[in-house]
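J.: Going line by line, the protein sequences match chains A and B.
Its first residue numbered 5, the first sequence is counted upward by one per residue in my numbering.
Its first residue numbered 12, the second sequence is counted upward by one per residue in my numbering.
Wrong hints could be hidden among the right ones.
[As the list claims (entries may be wrong)] A few chain A residues facing chain B, derived, Cβ under 7 Å:
id: 1; residue: 80
id: 2; residue: 83
id: 3; residue: 84
id: 4; residue: 87
id: 5; residue: 89
id: 6; residue: 92
id: 7; residue: 110
Hints were generated in silico from the structure; no laboratory data involved.
Virtual Cβ for every residue (Gly too), placed ideally from N, Cα, C.
What follows is the residue order along each chain.
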Amino acid sequence: MTTPPTSDFVVRTEHLGRVVKDKVLVEDVTFEVRTREVLAIVGPSGSGKSSLLRLLNRLDEPTSGAVYVEGTDYRQIAPPELRRKLGLVNQRPYLFPGTAEDNLQFGPRQRGESLSHESIEQLLARVGLKGYASRNVANLSGGEAQRVSVARTLANSPLVLLLDEPTSALDEASKLEVESAIQNVVHDHGLTCVLVTHDTAQAARLAERALLLEAGRVVRIGSVSEVLHA
Amino acid sequence: MLKIFISNQLYLGLAQALVAALAAMVVVLLARKRGIHLERDTLIAMVRGIVQVVAVGSILLLLLRGPRWTSGLLLAGMITAAGATSALRAKGMPDAFRVSAWSIALGAGSVIALMTWLGVIDTAITSLVPVGSMLIANAMNTNGLALNRLRSDVLAHVGEIETALALGAEAKTSVSPYVQASIEASLIPAIDSIRSLGIVWIPGLMAGMLLSGARPVYAAIYQFVVLAMIFAASGLTSLVSTLLIRDRIFTSAQQLSLQPGR
Chain A
5 MTTPPTSDFV
15 VRTEHLGRVV
25 KDKVLVEDVT
35 FEVRTREVLA
45 IVGPSGSGKS
55 SLLRLLNRLD
65 EPTSGAVYVE
75 GTDYRQIAPP
85 ELRRKLGLVN
95 QRPYLFPGTA
105 EDNLQFGPRQ
115 RGESLSHESI
125 EQLLARVGLK
135 GYASRNVANL
145 SGGEAQRVSV
155 ARTLANSPLV
165 LLLDEPTSAL
175 DEASKLEVES
185 AIQNVVHDHG
195 LTCVLVTHDT
205 AQAARLAERA
215 LLLEAGRVVR
225 IGSVSEVLHA
Chain B
12 MLKIFISNQL
22 YLGLAQALVA
32 ALAAMVVVLL
42 ARKRGIHLER
52 DTLIAMVRGI
62 VQVVAVGSIL
72 LLLLRGPRWT
82 SGLLLAGMIT
92 AAGATSALRA
102 KGMPDAFRVS
112 AWSIALGAGS
122 VIALMTWLGV
132 IDTAITSLVP
142 VGSMLIANAM
152 NTNGLALNRL
162 RSDVLAHVGE
172 IETALALGAE
182 AKTSVSPYVQ
192 ASIEASLIPA
202 IDSIRSLGIV
212 WIPGLMAGML
222 LSGARPVYAA
232 IYQFVVLAMI
242 FAASGLTSLV
252 STLLIRDRIF
262 TSAQQLSLQP
272 GR
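Go ahead and model the full structure; you've got the sequences and the hints to work with.
T.: What follows is the structure, given as structure tokens:
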């Protein structure tokens with residue numbers, strides 16, 4: 005019998021695993037994400053960081069273990085609702101054709117809602133893109149596109165923001181812009197966040213705790229300094 | 012020129028088939044020079060095609076004297092074969108054969124049944140089977156084009172589809188742009204056939220009717236009837252097959268199961 009997750013944890017995984025065609029992507033991963041914390045998932049390339057994040061968003065199905073969201077087994081939650089609660093931002097922004105506002109309206113529109121123009125402007129301002137609502141996304145720089153992608157996920161009012169290597173495809177200047185936007189939305193607005201990154205310096209800058217993955221398994225979990233400097 | 016040397020109709024037909032096949036193989040060789048390898052597929056398709064059409068011609072000869080319900084059996088066999096053929100164009104798509112066969116049965120079969128009941132298609136085997144086969148063959152092509160296009164589009168846009176899913180979209184919403192594009196693309200040949208009717212091409216059925224003594228205006232109108240029926244059958248097939256396959260490329264938890272390399 006598994007221990008019911010406490011309310012201090014927004015997300016808790018228990019012995020989570022995924023095996024595809026005999027290849028182990030994630031194995032026996034147990035951890036929790038505390039309310040309002042930033043947890044960095046670090047590890048070498050191919051260690052299963054992104055696979056773990058996809059499991060949290062249920063874009064892939066676990067082959068073992070369980071995930072609890074606010075104490076509820078996430079298989080009891082309809083996938084679209086779950087994915088709104090655990091909002092994922094990908095390495096590449098994959099913006100939909102149209103304006104920044106069109107992109108931010110996408111999530112709310114899926115549940116028959118519409119954000120006011122003011123709300124859109126506020127969300128864009130949080131990622132440092134004030135006045136960008138009517139901009140065609142085809143004309144945005146890489147950093148701007150990624151920040152629109154963050155704002156688009158925030159438009160769903162997620163419980164947890166899942167960031168999958170959000171700056172790895174960007175140049176140094178754009179990377180700093182996106183990091184600053186993340187700092188703003190996460191720290192200043194108290195949003196819970198799971199950040200996947202291979203950049204340990206970035207993990208140290210943005211996160212309070214870290215989880216080190218190797219070959220799909222948890223090697224260490226604890227404060228950033230404990231994990232990164234052990 | 013062939014007629015100068017060959018008087019026997021059967022031998023003449025074989026010689027004509029050989030010459031036409033050689034023309035096709037020249038194109039295959041030209042394609043090969045540009046690194047496009049069609050040799051195996053084309054050769055197998057041509058051998059299969061000639062064997063099949065001669066076999067069907069022979070069966071038709073026997074069926075002409077049989078009861079009318081035999082045409083239903085023949086059309087059902089054609090639908091099954093059409094399903095298997097167009098499923099090959101959807102490699103990697105789950106349940107492609109069943110989806111194709113059901114879609115062609117529903118698309119072409121319902122149009123054939125309705126038009127036969129209304130008297131647009133004559134119930135005589137000599138009319139029902141050839142006209143029905145035209146509808147099935149075109150539905151097969153449309154189905155193959157639709158599934159092939161949908162497969163390529165989905166595989167090329169996995170990131171966009173999963174982004175939509177991650178933002179809370181239902182599975183059907185996440186692929187709707189690609190489903191629409193595949194339906195539109197699959198119907199281009201059927202629409203262009205109607206648009207260019209009589210200007211770019213005079214199809215075989217009309218030529219056959221003229222040769223058998225039908226009035227030219229009636230033969231022309233009936234050709235339009237056939238092309239409109241082809242559009243109806245193809246369009247319905249494409250709508251059904253993309254709908255059926257759309258539901259099969261996602262798991263019950265709305266995860267995209269059609270992925271590159273999986």
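J.: Quick check: which numbered hints come out false for this structure?
T.: 1 and 5
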